[in-house]
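Quick note, the sequences are listed as chains A, B, C and D, same order. Reading the first sequence from the start, the letters are residues 1 to 101 in my numbering. Reading the second sequence from the start, the letters are residues 1001 to 1175 in my numbering. Reading the third sequence from the start, the letters are residues 2001 to 2747 in my numbering. Reading the fourth sequence from the start, the letters are residues 3001 to 3506 in my numbering.
Incorrect hints may have been included.
[Claimed, not checked] Below, computed lysine-lysine pairings styled on DSBU-like, alpha-carbon distance capped at 35 Å: (1) D:K3452 x C:K2048; (2) D:K3453 x C:K2197; (3) C:K2048 x D:K3453; (4) D:K3452 x C:K2197; (5) D:K3203 x C:K2231; (6) C:K2200 x D:K3453.
Hint data in this document are derived by calculation from the structure and do not stem from the laboratory.
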Amino acid sequence: MPLEAYLAVAAVLFVIGLTMVASRRNLVYVLMGLELILNAANLNLVAFNRFHPESHVDGQMTALFVIILAAAEAAIALAIVLNAYSHFETIRPDDIDTMKD
Amino acid sequence: MAALLSFILFAGLSIGCALLCLFHRSVVISAFSLLGTLLGVAGLFLMLGADFLAMTQVLIYAGGILVLILFGLMLTPGDPGEMQPLRIFGGLAIVGGGAVLFLMKMAGVAEWGSVEVENLPAPQPTVDEIGLELLRRDSYLLPFELASVILLAALVGAVFIARRRFEYVDEGGKA
Amino acid sequence: MLPAPPIESLTAAAAEGATLGNSAYAFLLAVPLLPLVGWLLQVFFGRKLPRQGDWLPTSGMALSALIAVVMFIRVLFQWNPDFLMSSAEDGFAWRFFFSDGSIPAPIAQFTAGILYDNLSAFLLAMVALVSFLVHLFSVGYMQGDSRYNIFFSNLSLFTFAMLGLVLSDNMVFFFVFWEIMGLCSYLLIGHLAQDRKQPKMSAAWASLKAFMTTRIGDVCLFVGMAVFWAKFDTLSFHGLYTATADHVAANGWEGWMTFGAIMMFLGAVGKSAQFPLHVWLPDAMEGPTPVSAMIHAATMVAAGVYLTGRIYLLCSPEAQLVIACVGAFTAIFAATIGITGFDIKKVLAYSTISQLGYMIAAIGVGGVSAGLFHVITHAIFKACLFLGSGSVIHGCHHEQDMREMGGLRKKMPITYITMLVSTLAISGVPLFAGFYSKDAILAKALEKSMVTQEWIWAMPFYLLVVAAAVTAFYMFRLIFMTFHGEPRSDHAHHAHESPWTMTVPLMVLGFFAVFGGKFWITDPLHAVSGGRTPWFMALVHDPDLERWESSAIEQAHGYGGHGALLSHAADGHGSGEGHGAAAGHDEHHDVAHTAHVRAMITSIIVATLGILTACLFYLFGVFNPKKVAAALGGLYRLVFNKYFFDELYHATVIRGTVVFSGFLSWVDQNIVDGTVLLVGRTMKRLAGFSGAADKYVVDGAVNWVGESTQAAGQAVRRIQTGRIQQYAYFTFAGAVLLAAVVLLDLF
Amino acid sequence: MDSLPYLSLITFLPLLGMAVILALPKSQENAIRWTAALFSGLSLLFATVVYFGPFDATAGVQLVERFDWIPAFNIQYFMGVDGLSLPLVFLSALIHFIAVFASWNIKKSMKGYFALLLLLEVGVNGVFLALDFFLFYVFWEIMLLPMYFLIGIWGGPRREYAAIKFFLYTLAGSVLMLVALVAIYLKSGGIAGEPTFDLLTLKSMASTWVQDQSTFLGMKFTTWIFWFLFVGFAIKIPVFPFHTWLPDAHVEAPTPISVILAGILLKLGAYGMLRINFPLAPDAFADARYFLAVLGTVSIVYGAYVAMAQTDFKRVVAYSSVSHMGYFLLGAASLTFAGLNGATFQLFTHGTSSAMLFLIVGVVYDRAHHRDLNDFGGLAQRMPFFLGVATIGIFAGLGLPGMSGFISEAMTLLGAYEVYPVLVIISTLGILMTAAFLLYALQRVFLGSLPKKYENFTDMDRREAFCLVPFAALCILLGIVPTLVLDKMAHAIQLLSEELSAYTGG
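Pulled out of the complex, with its shape left as it was, chain A reads as follows:
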């Protein structure tokens, strides 16, 4: 399979993820969308790594760190979601618009 095939899959995942972040009205979905975006990025990293043997495992290392950070992010973000729910009594991002004006 050519490199572009993987990149295309990654691009599609990215688009779906970003759409999910932007248009689902539940903060948990926003989180899941973020995970999708990160996965898309990881896929790119690994794919480029594979097609450039001179880079050894640099791409994979980066992807590894991304996974680690994603784990941390997920933990914190879920805590924030729970907190936001208790504060606003909703998890619709639309309704949480205290940043307005």
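With chain A held as given, fit chains B, C and D onto it using these hints.
Using the frame of chain A, we list chains B, C and D on its own:
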């Protein structure tokens, strides 16, 4: 042929599950279809010779993050009218349109299918190398350590934020 | 009118000296155009004019008929069997589809023009004259109709179409006029269905039936056209004749030509109500009585015969056999139905079908001129019979059942005499009009069977002979039941003779029924045939197909004209054309003579037989018709119910269509759309989009339309919504923009 | 510029009209109506001027307006007209103009309605005139949205269902077209160095990329784009089995929208095939020809039979559209000069005749407020003038000789017979059935005895007559002088048929 088939399988699994996740009304099913996506990506990692990463993906994402998300779901209320297909279609159109616009030029200059992964030298197991790299001083040692600090901080922070929640509830109850 | 480059030269014999000059085209064009103008005026201004404008189309028609008759007389005095005028040949042709002839596609070369030869000259005059009479008659008959002006406009359009059809030199225009005629026939039959006071639903069904049945034939005609078009790239009659001649000379008759010719013939089958598409004509009597009867007895149905005559040159022997058999079968088939009918108009309608079968069969066996001859004589005596029946119905206070009549002889003497004369004519009694034409047809059929020596070719002759006997029988049955015996009802008791407006036309027509035939065969000038052949048959003579095969080489070089192809005359005039042909001609002539004598004798015998039988049954009461009918049992019921054809068609074609369309509709709803809905439902379940989505979209749209009117000023402020998801979009947009700027040198 | 930018005027004058309407206050109902009439009328005026004036039938693409729009992607604003598009542009302008008058009695938020109507005209005219694929696509999408709202807001009781169905179907078509668009764009980059959307350039490149034997998942490049484009356009035509959105959309749409939908929107798919689908993938087209002809035949016969079984007058007419558009596919697939001309002319004639039929249904519906054929009868007694016009409409619809429908159907079938005799013979069943169900409908509506509840019906008023008469006149005029349209198309079609025939030899 086997490569093509397995690629179609994994890519289809990840994209299909992602779409299901995007469109499904039920949060739980969305979360589980996210699992499908993650597994599909893990499969793609395998095809790209990143065996260690594939395992990490399965363990951390599927085993850890997904469970976290499920806990999050359990602790938040359901929201039946939340799903709005046209809003999603609109979002897809905007994001996809932007991406296509951008990729069009990029793809125009790319040389399609010039190198096939099957023609590259066969991949070696990467566990050893990754392990060595992580512990080499002039390489990834520092980031590795920093990551562990971040994980710790995240753990503490998460507990802290989640703990404060109960206090808030009390205050909110009064207000 | 755009000038066309001359199409390939027609035969010299036809072109030289045998025309009336180019000015004739203007007159010829005027013949159909006058009714058209009448129609237009009637459509747009009819209601506002005094007398609802009936005088407009009628006077236009008078002028048109006058021109047509004068032209016919001029043609007559040319005395040229090869007379032919083709406007395309003389440089007047209408590039119908594309005015740019430089496009190298056959359809771009298509031109439409006028074809005027002996055949069309004669038919043009006849149609124009009959149509004029119909117009005139309608002025009186339709008085007081709620849609008087519309009736006249329909009538004019019909006439225009029929006249245009006769003058067309190509299949496309022929077809166009053919179909317009179908439309007018539809409108005329259904005229009473649109009555403003008492709409008659049966007329609506009859008109629908007529239109659909003839349209089946029309569609076949179109396919036939397409068959020849696909091979020859031309649709003008002459182009087709030439191409067919060349093709036959080179390759002989081929299967597709038979197929095409039969398909074209099916058009005639529909229009001339031949078996198996005959079912519409009896029902068409739902139209306003005498008018629609005359159109459907004299003019429109003749178009089918005309078509068969025109395409005769394209017919392979197999196709001719089909034509002959269909015609002959129809003749006997419809005649038998006539035996059992009781409705006087229905009996006449079946008689019309039967007589049309004669004409078609005549053309099938090669007797084009005999068939057309029968068209005229039939038009005369059938018109007389229809008007007579109208008079009877009028006299009997709209009673149409013959069982309720009887004994009208003394109460309606004029009607009786004229109808009797016409009946004698239709039965083929010597010296009456029908005898000559029927005799000519039988002779031709017998001659064909003698020449070919094949049993199958003998069938048409025998069928026609039997049909002649049956015709004589049922026509006299009609006369005896109506006029003889004792009155069988109050209506018949109080019957009275009709007013002079109805009896005068009867007398005129009756006169022609006696002497008309004689007139058509007399050859006052002995100019054409040396007195041996009736002048009509000499002028409108039979084309000879066999010569195409026998003199193939000549065909390939230079033949092409209608006239040349037609130039075989029964008296042996064309014998200079080649040795083989000359020898064949003498022999042929002997056969023709023998056949003629035998056919005449046979015809007289069967006519007498038929009349005698009718006398035995209905005049002297030797046999009781009811007992005979009872004895025949099932057979009688079969015939009485018109062989159950209406029921058969209803059960198969109509029912089948309805069921099939219902089935397809079900498939459409449940399978085709069902699949789509299944996909949709899956998506719906997947995405859960329900009424809420619709509401969001629709209401959102309303809001959007409303808001967008005042949106501009607020746009900037709106960006700052505080909604993080919108911020996500902005971020993404910014990223795309940035990437575009940096990577692509967009700005 | 030595002459007026006719094409931009035709396309964007309605947009200007839309702006004016939006600026008008809601209460000025008459002003809104007349503004819509004025601007669509101006568009029609310019279309007429172009039709009879500067257009030269023997020249190719002309009245070109061309400048860079988005240079980075080599996207141009490229408008031009040739024999293929000219009659359709005229038809589009005419139908929209008439539709404004047919919409005169719209009450529900009429400002939005007329604005959307004019926006729709922008999209439709633009699609016909655009010669840049990207521009084409943009106009194509512009057209979808107003249509969706016009059905979804101003439609009948099940409007949401119909609108969503319409939207999803056409969206699917658009997505397929988009994929093909991108693929072609990229492919052209591989040939010319810089990728392009210019349809004329792409057309000339077609001969290069048909040489490309490389396959993707077992099919050649041209085969892929052919089928993607074909399905995209076939949904719009609509061809069996993609037709099921049509009856629902028609039944629910208000009369003027049905008129536009049947009169011109269905032609977009057909036009797209002739302009983009076939020329850009000529070899795949040559391979698929027989299949297309079969699809056309199935559409003809199937549409006619299904129409026969309907009892809703509008559904009958809607399915007759499916049947009539089948002729286009059959004629186009035959690739003969007569067949192609007939097919293209069929677009025009069906535009006029179906528009008429829908207006007729509308006139009946406005009075009776239902469309159940079995519940009518005897209207002839109250509406004689309407009966006359309806008779013309119905006979035009069934292709009576002397009317334009006959010319196109006859040419299509004559042309197709040379190539596919059996299919033509089968499709004549469709002719018969069309006559049957249209006349049967006529009979059920107009003839027979008049029910009590319809006694107060009035004949057509002036406005309705004004909507119907132009179409009736066109039907008859073009039946007698078809050269008025055929001459304009002849050279473009000749060129097209030569280009396409080059690939059918093997």
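Structure-inconsistent hints, enumerated in ascending order: When the structure is compared with the hints, none of them turns out to be violated.
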